[in-house]
Amino acid sequence: MLQDLINALSLGSIYLLFALGMSLVWGTVGILNFAHGAIFMFAAFVSSVITDQVRLPLPALIVIGAAVGALLSVAVQLLAFQPIMRRAKDHRSGEMQILIGGIGVAAIPLAIAEEVTGSNPFGFAGSSYVTSTFSLLGVRVTSTQLMVVAAALVIGIGVIVWLRFSRSGLALRSIGVDPETASLMGVNRRVLSLSTMAVAGGLAGLAGVLLTYNLGAITPESGDVLLIKAFAAVILGGVGSMAGVIVGAYVLAVAETIVLTQTSGLWVDAVSFGFIFAVLLFKSEGLFGRREVRRT
Amino acid sequence: MIAWYDTNIILIQSTFVGLLMALSLQVPIRFGVFSFAGIGCYGIGAYVAAIMTIRYEWPAAAAIGAGMLIAGVVGYLLALTVRRLGGLYLGMATIAFDLIVGVLAVNGGDLTGGPSGLFGALADVTTLHLVLISAVVIGLLAYSERGAIGRRVEAVREDPELAASMGIDVRRHRQAAFVISALLGACAGGLNVLLRTTIAPTDIGFSLVVLALTMIIVGGSRSWAGALIGAMIFTWLPGFLEFSGQWQKVIYGVIVALAAIWVPGGLLGMMTDAYRSWQRSRRDAGSGDGDRTPLGSRAEGTPA
Numbered sequence: 001m002l003q004d005l006i007n008a009l010s011l012g013s014i015y016l017l018f019a020l021g022m023s024l025v026w027g028t029v030g031i032l033n034f035a036h037g038a039i040f041m042f043a044a045f046v047s048s049v050i051t052d053q054v055r056l057p058l059p060a061l062i063v064i065g066a067a068v069g070a071l072l073s074v075a076v077q078l079l080a081f082q083p084i085m086r087r088a089k090d091h092r093s094g095e096m097q098i099l100i101g102g103i104g105v106a107a108i109p110l111a112i113a114e115e116v117t118g119s120n121p122f123g124f125a126g127s128s129y130v131t132s133t134f135s136l137l138g139v140r141v142t143s144t145q146l147m148v149v150a151a152a153l154v155i156g157i158g159v160i161v162w163l164r165f166s167r168s169g170l171a172l173r174s175i176g177v178d179p180e181t182a183s184l185m186g187v188n189r190r191v192l193s194l195s196t197m198a199v200a201g202g203l204a205g206l207a208g209v210l211l212t213y214n215l216g217a218i219t220p221e222s223g224d225v226l227l228i229k230a231f232a233a234v235i236l237g238g239v240g241s242m243a244g245v246i247v248g249a250y251v252l253a254v255a256e257t258i259v260l261t262q263t264s265g266l267w268v269d270a271v272s273f274g275f276i277f278a279v280l281l282f283k284s285e286g287l288f289g290r291r292e293v294r295r296t
Numbered sequence: 001m002i003a004w005y006d007t008n009i010i011l012i013q014s015t016f017v018g019l020l021m022a023l024s025l026q027v028p029i030r031f032g033v034f035s036f037a038g039i040g041c042y043g044i045g046a047y048v049a050a051i052m053t054i055r056y057e058w059p060a061a062a063a064i065g066a067g068m069l070i071a072g073v074v075g076y077l078l079a080l081t082v083r084r085l086g087g088l089y090l091g092m093a094t095i096a097f098d099l100i101v102g103v104l105a106v107n108g109g110d111l112t113g114g115p116s117g118l119f120g121a122l123a124d125v126t127t128l129h130l131v132l133i134s135a136v137v138i139g140l141l142a143y144s145e146r147g148a149i150g151r152r153v154e155a156v157r158e159d160p161e162l163a164a165s166m167g168i169d170v171r172r173h174r175q176a177a178f179v180i181s182a183l184l185g186a187c188a189g190g191l192n193v194l195l196r197t198t199i200a201p202t203d204i205g206f207s208l209v210v211l212a213l214t215m216i217i218v219g220g221s222r223s224w225a226g227a228l229i230g231a232m233i234f235t236w237l238p239g240f241l242e243f244s245g246q247w248q249k250v251i252y253g254v255i256v257a258l259a260a261i262w263v264p265g266g267l268l269g270m271m272t273d274a275y276r277s278w279q280r281s282r283r284d285a286g287s288g289d290g291d292r293t294p295l296g297s298r299a300e301g302t303p304a
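Protein chains in written order, with the UniProt record's numbering: chain A, 1 to 296; chain B, 1 to 304.
Simulated from the structure, these hints should not be mistaken for laboratory data.
Each hint should be verified, as a subset may be incorrect.
[Unchecked claim] Part of the chain A face toward chain B, derived, beta carbon under 8 Å: (1) L78; (2) M85; (3) P121; (4) L137; (5) V141; (6) L281.
[As the list claims (entries may be wrong)] Covered stretches of chain A (in silico footprint by chain B; criterion: 3 or more residues with CB under 8 Å from a CB of chain B, positions within the stretch not fixed): (7) 93–103; (8) 110–116.
Computed from a predicted structure; not experimentally measured.
Backbone N, C-alpha and C fix where the C-beta goes; we use that ideal spot for every residue, glycine too.
Chain B with its partners taken away, still in its complex shape (with noise of 0.2 Å):
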C-alpha cells in the first residue's frame, strides 16, 4: 500500500487536482451557465500563486488564498460582463476569456516569465492537504445539492423564469455560480503550481478546457460525484492504455467521442439508471412501498 503511494503520488496528486478543475465547469452547469471560465481562472490562479511564492516568498495557503481571491472578483466581474449572454454565446465567450488569460500570461514579461513560464514556486504543500480541501470542497457540493439549495439551483437550471416567479433570484444564482467556479479553478490551479514547481503559458491552453470538459463530460455532469469519477479515469486511463502502445490517444479520442454521443448523462447518469430500473423492478416484483421512489427519482435526477 505504502509502495503503491510511493510510486503513484503524481498521479494521485493530478487526481484532486483535475477533480477540482473539472468541479470549476461542472458547478456552473449545474446552475445552467455553459461556463469554461473555470480554466482561465485555473490559470490566474496558478500564476499568483507562483508570483507570490517566488518573488515575496509568501506561505503556500496565502499565496493560493491570494489567487482564489483575484480569480473571484475577475469571475464576479465576469459575470457582470457577460450576464446578457446565453447558451452556444456565453460557452464561446468564456472560452475566449480562457485564450486571453494565456495570452497575457504569454506577454506579461517578466512578471509572469513570458512563453517559457515561472519556475521554482517550492512550496510546503501535501498530498493531505489536497485531500482535506478536496474533502471540504466535495463535503460543501454535496450539500448544495441537497435540500432546498438543491431544489432552487435545479429550478434556475431546468426553467428560470418559473425560478424567478417562485421569488428566486435567478441573477444572483448564476453570479454565484461564475464566482465559485472562479474559486474552485484558480484552487485547483494554485495548488498544482505549488505541488509542480512550474507554469507556462502552454498548460493553460484549449487543450486543457478540453480535458477538463472530458472529465465531466463522461463522468456525468448531474452532481460532483460525476466530475471524481471522470477526473479519475482521465487520470489514470493513460497509464491503462500503455499496452495499446502508439495508438494510445486514438483509443482515447474514441471514448470521448462515444460517451459525448450516446452517454450524454455520462457514467454517474448510466449508473444511476441502471440501479433505478433494478430498484424498480425488484418493486414489481413483489414489495408494497409503490409510492416513494418514483417522486424520489424525479427529485434527484431529470435529465439535462
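Next up, chain A with everything else stripped away, as it sits in the complex (with noise of 0.2 Å):
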C-alpha cells in the first residue's frame, strides 16, 4: 500500500514535470503546444547520444536535456506558431492552426529518433550515474524516484511563486488575460512568449533526462501517450491555474494506480481520457481555473 503510494508520488511527478511547461504556455501565450511531447522525447534522445560517446554524469546530462529543450521549443514557436499567429485571422482559428501545426511538427524529431534507433527503447546505459536503492519501512525507493519528488515539487511551487509575485510573471499573467492591453502597458509580448516556451522547453527536457533515468530506457513514442496525460492533468486542475495542474497531476498518477492495482485488464488508460472527458462535460473550467476568458 505504502509502496503504491510512492509509485504513485514519483508517476505524479513525472506527469507534473511534463505538464507545468504545457500549462504555462497554454495558461499565459494561449498555446496548445502539440509538439511538446517531441520536445521531452527529443531532449532524451540528444542526451542518450552524446552519452553513448562521451561519459557524462547526471547533473551534465541534465543540463544538456534542458538545453536541447529549450532551443527546441524556442525554434518551434520562431518557425511554427509564429508565422500561424501572424497569418492567423482570429485568435480562435488560429488556436485550431496551432494544433495541427503542432502535430506535423513533432512528426519530424519523433520521425529522425525512431530512424536513429531503429525504434527501439533507448537509455543512458553510458551515463555514469548509478541509481541506489533505499529499503525503508519495507519500503523501496530509488534515488532518482526521490530526485524526481524533488525536483517536480521544487520546481512546481517555484512557478507558483515566480508567476504570482515578479514582475516578468504579472506580465506573463497580464499576456493571458487581455494581450492587447498588455502590450500598451509596455510588455514584450513576442520577447516574453519567447522565453515562456524557453522554459517550457527546458521543463519538457528536463522531464525527459529523469523520466529516461527513472525508467531505464524509454521509446520514441512515448512523447505522445504523456502529451495526452498532461492534457488530462492541465484540465482536470484549470487552464492557466499553476496549482490545479500539480494537483492534477497527482490526482491522476493516484488514480492510474489504483486503476492499475485493483484491475485485472488494461484499464489504466482509461483513466486519463476518461478525466478529461468528464471534466471536460461537467465542469470545464477543471478544480482552480478560472472561467474561460475568450481571448479576442
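Reconstruct the complex from the two isolated chains, following the hints.
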C-alpha cells in the first residue's frame, strides 16, 4: 500500500514536470503545444546519443536535456507558431491551426529519433550515474525517484511563486488575460512568449532526462502518451492555474495507480481519457481554473 | 493498365478507404464543428463489421450497415453530450472519445479479441463496391456543398449567431455533422476490415487521427475534393519517397509541418486561389463581364 503510494508520487511528479511547461504556455501565451511531447522525447534522445559517446554524470545530462528542450521549443515558436499567429484571422482559428501545426512539427523529431534508434527504446547506459535503492519500513525507494519528486515539487512551487510575485510573472499573466492591453502597458509580448516557450521546453527536457533515468529506457513514441496524460492533468486542475496542474498531476497518478492495482485488465489508459471527457463535460473550468476568458 | 491495377490494388483500395476516413473529419469541419469523433466511429464500424462477419456470418452489406447504425447512434449521443463544448475543447474531448474506443477494444475480452484483435473477417467486398460507395458519398457531399444547403452550412460555420437569426436551426446542423461524420467513419472502418480481414486496437490509435487530419490539412478542408487530394497524396507518397530511403519519415514530417504552417487552405485552396487570380488577370486584360466573378468567388470560398 505504502509502496503504491510512493510509486504514484513519483509517477505524478513526472506528469507534473511535463505538464507544467505545457500549462504555463497554454495558460499565458494561449498556445496548446502539441509538439511538447516530441520536445520532451528528443531532449532525452539527444542526451542519450551524447552519453553513448562521452561518459557523462547526471547533472551534465540534465543540463544538456534542458538546453536541447529549450532550443527546440524556441525553434518551434519562431518557425511554426509565430508565422501561424501572424497569418491567422483571429485567435480562435489560429488556435486550431496551432494544434495542427504542432502535430505536424512533432512528426519531424519523432521520425529522426525512430530512424536512428530503429524504434527501439533508448537509455543512458553510458552515463556514470548509478541508481541506488533504499529500503525504508519495507518500502523500496530509488534515489532517482527521490530526485524526481524533489525536482517536481521545487519547480512546481517555484513557478507558482514566480508567476504570483515577480514583475515578469505579472507581465506574463497579463498577456494571458488581455494581450492588447498588456502590450500597451509596455509588456514585450514577443520576448515574453519566446522566453516562456524556452522555459517550458527546458522543463520538458528535464522531465525527459529524469524519466529516462527513472525507467531505464524510453521509446521514441512515449512523448505522445505523456501528451494526453499531461493534457488530462492540465484540464483537471484548470487551464491557467499552476496550483491546479500540481493537484491534477498527482490526482491522475493516484487514480491510475489505483486502477492498475485493483483491476486485472488494461484499463489504465482509460483513466486519463475519462478524466478529460468528464471534466470537459461537467466542470470545464477544472478544479481551480477561472471561467475561460475568450481572448480575441 | 490491368497489370498496374493488379500490382497496386492494395494502394488503390487504401486510397478510397482513406478518402472516406478523411471525409469523416472534413464534414464536421465544414459545419464549423472541430470534432475528431469520426476516427472513433471508424473503430466502432470496423469492430462491429468484423464481429458480425466472424461470429454471425452476416453478409458484408449487413455487417457494415450494422456498424454504421451503431456508430450513427453513438455519434448522435456524443453530439448531445458535448453540445456545450466548442473549439479546442471539443477537439480534445473527441480525441479522448477516440482513444476510449481503443481502450474498450483492448479490454473487450473474447468479443473484440483483446490486444491482438480479430482475424479472419472474410467477405466478398471488392474494389468495385468501394468505388461505387465512394462515388455515391462524393455525389451527396458535392450536392450538399452547392445551392441552398451549401449556403446554410457555410452560414452555420462562419457565423452561428447570424445563421440562427436567419431561422437556421444551428443545433440540428451540428448534430447532423456528428451523425454524418460517424456514418462515414464507420463505413470506412467496416470496408477496410472486410478488405484486410483483420483489425487490432493499435490500428485505431492516435496515429490514425493524425493521418486523417494530415490528409485534409494538406489536401484542403474546404471541400470533398481536398480530402480526395489528401487521401491520394498520403497513400501514394510513401511509395514515391522510397528513393530517399531511411529519411522518408522525416521528409513526410516536413511536408506536413510546411503545409500546416504556410498553406492553411491546403493544396485545393492553393489551386483555387491560383485559378482565380489567373481568371482575374485575364479579365483585367480585356473582357467585359466584370461583375460575375467577384460575386462567385466570394460565395464559393471564404477563408477559414
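Evaluation of the provided hints:
The beta carbon of L78 (chain A) comes no nearer than 11 Å to any beta carbon in chain B, farther than 8 Å, and the hint placing it at the interface is violated. Checking M85 (chain A) against chain B by beta carbon gives a least distance of about 11 Å; that is not within 8 Å, so the hint is violated. At about 17 Å, the closest approach between the beta carbon of P121 (chain A) and any beta carbon in chain B exceeds 8 Å, and the interface hint on this residue is violated. Annotation: L137 (chain A) was flagged as interfacial toward chain B, and the flag is violated, the nearest CB pair being 35 Å apart, outside 8 Å.
Annotation: V141 (chain A) was flagged as interfacial toward chain B, and the flag is violated, the nearest CB pair being 31 Å apart, outside 8 Å. Here the hint on L281 (chain A) is kept, as its CB sits about 6 Å from the closest CB of chain B, short of 8 Å. Under a criterion of three residues with beta carbons nearer than 8 Å to beta carbons of chain B, the stated coverage of the region 93–103 of chain A is upheld, 8 such residues being counted. Residue count for the region 110–116 of chain A with a Cβ under 8 Å from a Cβ of chain B: 5. That meets the three needed, and the coverage hint holds.
Consistency with the previously given hints fails for numbers 1, 2, 3, 4, 5, ordered from lowest to highest.
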